[in-house]
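Protein sequence lines, in the order shown, are assigned to chains A and B. Anchor point for the first sequence: position 185 equals 185 in the working numbering, and the numbering is continuous, going up by one each time. Anchor point for the second sequence: position 442 equals 442 in the working numbering, and the numbering is continuous, going up by one each time.
Quick caveat, the hints were computed from the structure, so don't treat them as lab data. Since the model is a prediction, treat every value here as computed from it, not as a measurement. Incorrect hints may appear among the rest.
[What the hints assert, rightly or not] Only part of the chain B face toward chain A is listed, based on derived beta-carbon distances under 8 Å:
hint: 1; residue: Ile340
hint: 2; residue: Thr369
hint: 3; residue: Arg500
All residues carry an ideal CB built from backbone N, CA and C; glycine is no exception.
If you want the building blocks of each chain, they are given just below.
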Amino acid sequence: MATRKRLRRLALYICLALAALALLAVPAGASVFGPRQAHSPNASDIRTAYWVAIIVGAVLIIAVHAFLIAALVRFRARRGRSPRRFTAGHRAFARPAVPLVAIAVGLFVFAIVMTTKTRDVQATGPEGLGADSDLVAQVNGLSIPSGSPVLNINVIGQRWLWRFEYPGGRPGDRVFSYGQLTVPVDTAVLLHLTSTDVTHRWFIPTLGGQVDAIPGQDVSTWFRADQTGTFSGQSTSYSGSAYATMRAWVHVVTAQQYQSFISSKRKQLAQAQDYVSKKLGETTSGVPTP
Amino acid sequence: MTPPTAAGTARPELVTEHVPRRRQAWIERATSSDHKSVGMMYIGAALTFGLTALTALVVMRVQLIVPENTTIDPEIFNRVMSSFAVTGVVLFAIPLALGLFSYIAPLQVGARGVAFPRLNLMSFWLYVAGGFTIYGSFLWRPSEAGFAALPPLSEPLYSNTHGVDAWIVGTALAVLGFVCFAVNLVATLRTMRAPGMAWRRVPPFTWAANLGSYLLLICGPVMLAALVMLFIDRHYGGVFFDPGYGGAPILYEHFASFFFTGAFAFMVIFAAGVISDVLPPFGRKPLFSQRGVMSCMLAIAIVGPLAWMRNMYSAPIPTAFLVLAMLFAVALVIPIGLLIYNWIATIWGGTLRTRAAPLYAIGAISAMTIGLAGDLAWSLIPVGWQIQNTTASQGATIAVMVGAAVLGGFAALHYWMPKITGRLVGDGVAKAALPLILVGLYAFALMAFFAGVKGQPVDIYKFYGGEGLDGYNLVASIGAFVMASGVLLELGNLVHAYGRGVLTGHDPWGAATLEWYATSPPPVHNFDVVPDVRSSEPLYDIRRAIANRTYTWRPAAREAAPDQPAPEAVETGGPTTGSR
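Looking at chain B on its own, in the form it has when it is part of the complex (with noise of 0.2 Å):
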């Protein structure tokens, strides 16, 4: 008899599987709405944008190689440069994550699929129908109105192109599909977990995936106003950020501001995700406090967007709100120093096994130390003064963008890909490519750093000589490219390992989280048989139960059905041969 469960009761269910497709393959995989093919999806149009964005990076970086340089022009610099942040953020990181999220999150609770997998699907392809958007634009004119295209300067008068209407609508479709994405994640963890599944016993990246959604949830609506005025703005005769007519364009700011400070604060939340998960297998040792970690995100998870304001400590804003706005940037320390402690008394007294995944998750941890540290002194308001809008913030930044996105979902990649695909992703080329990747950032974050601390202005495309950034500027750039260079060698490694990878069996790490319960790849339904859960690790349980010959599995007896019989026992001999 097994104990009353938070989620009903398991019981073996009826399944079909293997009906013949009449459709085909690719016709398939568009409209599917299981949560598996959205996220392979997802994950593979953010890996596209993510090279576009690599990209970009590599064009700026070639234009600031040398003082006052003339290779690209300054419109081409600046349209590259506007749709930069956009893309490496809401069409790489951001839908990163999510791909992850949409498959990994409902296995790792044991559900069956998702609460709303239709507005699942659809949150993918208004994604992507933004993208195109944005990219589209590049066919015409595309938008020559900063990164985040602040008014006055975006509105018609400065901008008078359909660049920016493009870059608009692609930013808000990409932005809608998020919040629809949100609505099914957060509706599916709530109701769909399997019995047992209490909310202290859900993996850190599923509690990644919750934080991340409601942090979307929140912070998306805020951007899609901005948006929809700034369009109006531009189309309709609104005066919201027109300050001859009384508009205020610093509210724009604080909405795009908010945004990109959840989103930042959703990719540390993401990347903590995936550390906290990887580390316990690769160090055959259960994470060190589990509810410390959840406890560590949710804070950042409401801490982080709060201080939104301290990207804008130049503005007239009176200075209560901007202590206000140092405090919580300031108090971020606190949960992020207590995760570190965390990830490091989990490797503490284990023994690691240095697979690529733990590798990559120990590069993300150091990555984002430096970015973060960057960011402390960044956020003390005459440092802020000082650095903010320069190189340096930008440094700072991107070392906490890729050590999350980049380091976060490589390794998340190399732990999760045999899961998706039943296929390794070679170590070799991932272990060689990791050091170019840390050094290329390091040289190009900590010299765009100290770029910045003497003055160099964020966004220009090109800065004069005589005035000593000739030799950060030539060392931030040649890490640039170094950087890319690794990243594409394991994007290559990534992709060949798609489809020629190593064969392996359904749970290649001994991990402890339901996901790896399920074969691989997962059938459509999930899970043949859905465990009871009775610890944060139930794989360790069930595992050990096997070695220990004590497990029957029973299915729990109805209640609410006195008219059907309960089902008798089922003997599986334990659920991997249910699976296997």
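Chain A on its own, in the form it takes in the complex (with noise of 0.2 Å):
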């Protein structure tokens, strides 16, 4: 009987040791089992929900665990012991069906919560672009700031990557660039998203979730890069043979440097037409017109 006693000190010591050391582990762990660090409001409000949800699910997970092992260990079939032949009473399951509730219900409102924080487009900071643009007070289901500049970008989706249009310009002639976005820092950037042949998908797991780009429709996001840099993603939507392939990447800039990339894109790209046309113009006049 000693020897239980002391085993069983010794086993829940180990599982204090344990505890402490995962505990200890937090802030590392972070690192491994979260998502990559947020660099915009609304995906850092996605990190809220998903460390609330997963610690939710840690704890339901252990105690479960806990449960099993105990009943598991204790009553495994023994020399001379018989069952206690028992069955649920009377309002047996109003114990367990409390706290079950309780996170039910918790998990629901808190998650209405931040889908609709999530949604709310953040108003473009200080260090943001000021320059006037069309500004939109309502785009499916994201609400806007009135009075605050937003940057509205038509992002287009085909096999195997994302055709990026940025606003000023005429309709047929604005400028664009492939794969990667070039946007300010700081700005309020909303997405408009279609598809011109199959479903794809638009996540930059740094700047917010999922948004679906399908052909014929136009379904919006936003986000609003912190700080500049390079932020990585891809298409999550099977699209075919070189599925792996469709990247995308935010480049985020400075308010001036995002100025002068449109304007040198827009010199590059009337070069280029320049050219074409000269070219076109060559081989059509060297054809005999019949």
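Got two chains here, separate frames each, mind docking them using the hints?
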């Protein structure tokens, strides 16, 4: 009996030590078990929701396994032991149901709050692009702060890259880029997603959640990058043979760099267009017209 | 005088046995409409396709073991990936459950057969035809349209091969088979229960069979409709899913998601039935609350499929619907939690014999708990935006499906193989395989989960280095291989036991449900004498009566046929000598 008691105490100490280790490991584990660091308000809201959900899940897992292991160890068949034949009495489920209902209701309400918060487009900050842009009050469930400049960018998915159309210029004559999206820092960027072929999905983990790009539909999402740098992501909707290569990069620059990027890009595009029309003119002039 | 009973009266009947067979054994097997024979064929075919799914998983994990791997062509990977989910769910998990349902459920309610035996047999051959259609296309060019063949990708403009047609037709045939199966089982369980076998006394596994059949009846036709519409789109100029003509590709996603979510609930209910049947005899203790287990399973069957939109949080669906889906998905934590509470309370206070069957059942509880906790996290809309369609959701789903179908299936086979073959399945190999499966599964599922949280999409044929994903994928691949070796070991154990296991008696576990009242294997007509049922533990009652020597079996007096004299009481000395 004494040895059993000692063993039990030893097991208790081991469990406590492991729990302490686990607590120590939390900061280290955050990088292993958590998402990438957020660089946009909506992404950080998603992080909050993730950590709450994963901790609730971990607590449930640990509780179930603790009871399972205890039951398995304590109630194994041994010589001379007979089972107690009992079944559930009246209201046997009231006690376990209370915490379960509390968890379900709590998570549900919390998730609704976080969903609304994630969808609230935050106003452009002081370092952001102050230029005038199209202002839209409500776009597909996103609520947009009135009076704040928002950078509207069309994102068009096609197999297997993304095309980005920047605001400014006539509709057929807009500045565009492929693969890499360049945006100013600290600016509310509104993305209008669509697709020209199959369904794609926009996902830059550091800048918010996933959104479908569906042919024939305009779906919106937003982000506001909090620092300069390049953030990568890739489509998460299977789109055929080269699906794994359908990546996207968001290049975040300062407001001045963004403006110079747009103007230089516009110049490049004009040059290219001139070149093409010249070549086209040469070839058509060489061909005898009937 | 027996008390009045629910489904008529029990009478001894004249049965003919050992009529010489005139046909070869395999023809007898293939054409027999006996529900037990059909169930065995289902189990055999499902385990074969399970081996295929396992191979596909290993192939995919070989490719994902290091970044930018080129071991396997992207095309080959996409073909394997496109058939993997449908193999795992439609050709392995559901049919394995159906085979056990077909074999065991009629025995558990004391039925002499099933209501529509030929429909039952036809459902099996439809399913096998579906499987062969999907895998037949591997001889030419199989589908590369993704795990659910979502349009517009599966429209002829982007998938102009007959592989997608084979995928559509094969899946449709199998699902049609399941619907036929469900019709038969629902009718059987409604009309052919033994006297006294009221619904509240039906064993949990049979209750799972009943609920699962209803689920297939509801979800199967939805998938069939989607597949037929897609087929019309591809071949007869339909525009159901063509956005260029006002069609809605998202409609197909709704339908397919509804079916796969229903299949998911089906597997959870199957596993719940198995665990609730396996734990009591090994703990020598009745189920903690039969009523509680049955209500929880019913709740899962109703609420589970209604949460289908929780796979589609990124789609342009009004927020109110997404919140509704989240409500159903989060509410599932209550019945599932109460089920687990029930199982722990069933072990509590008992004397658990640690044979392989209860250990696999406990392993199934553990794996499903971990997977469902991941599912709970993923059900919250903001978290879903982050981890759906990534390997995180795949890891959670695989933990639940392996827990339910593989561990739950192995527990069921360990428990019921003595009934099916009269031979025990060896415990030694099974106990060696269980830790391999569990450790491998946890390494695989958890690492896949955390890689997905970092943003690794599901279904990619390669991932890129320098994104911090290398370690996760390496461990996940090793875990998958360890799990696969464990599953192979246990499959070998089962195959060995089928022909060469140790011979055992008719009731090796001392269980309390009616299937153990029949001989092992049962005769074609299942029971020489159908007992009258007076509680949810009929065999326990019989054993106790024999121990107390108070039991004489009397047939109930006939009510509707006064011209025949009521038969005399038949002294069988207790039902044991009747069937032993």
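Hint check results:
1. Interface restraint check for Ile340 (chain B): the shortest CB-CB distance to chain A comes to about 6 Å, inside 8 Å, so the restraint holds.
2. For Thr369 (chain B), the suggested interface contact is upheld, since its CB lies about 5 Å from the closest CB of chain A, less than 8 Å.
3. This hint is violated: Arg500 (chain B) has a C-beta 27 Å from the nearest C-beta of chain A, more than the 8 Å allowed.
Hint compliance for this structure: hint 3 alone is broken.
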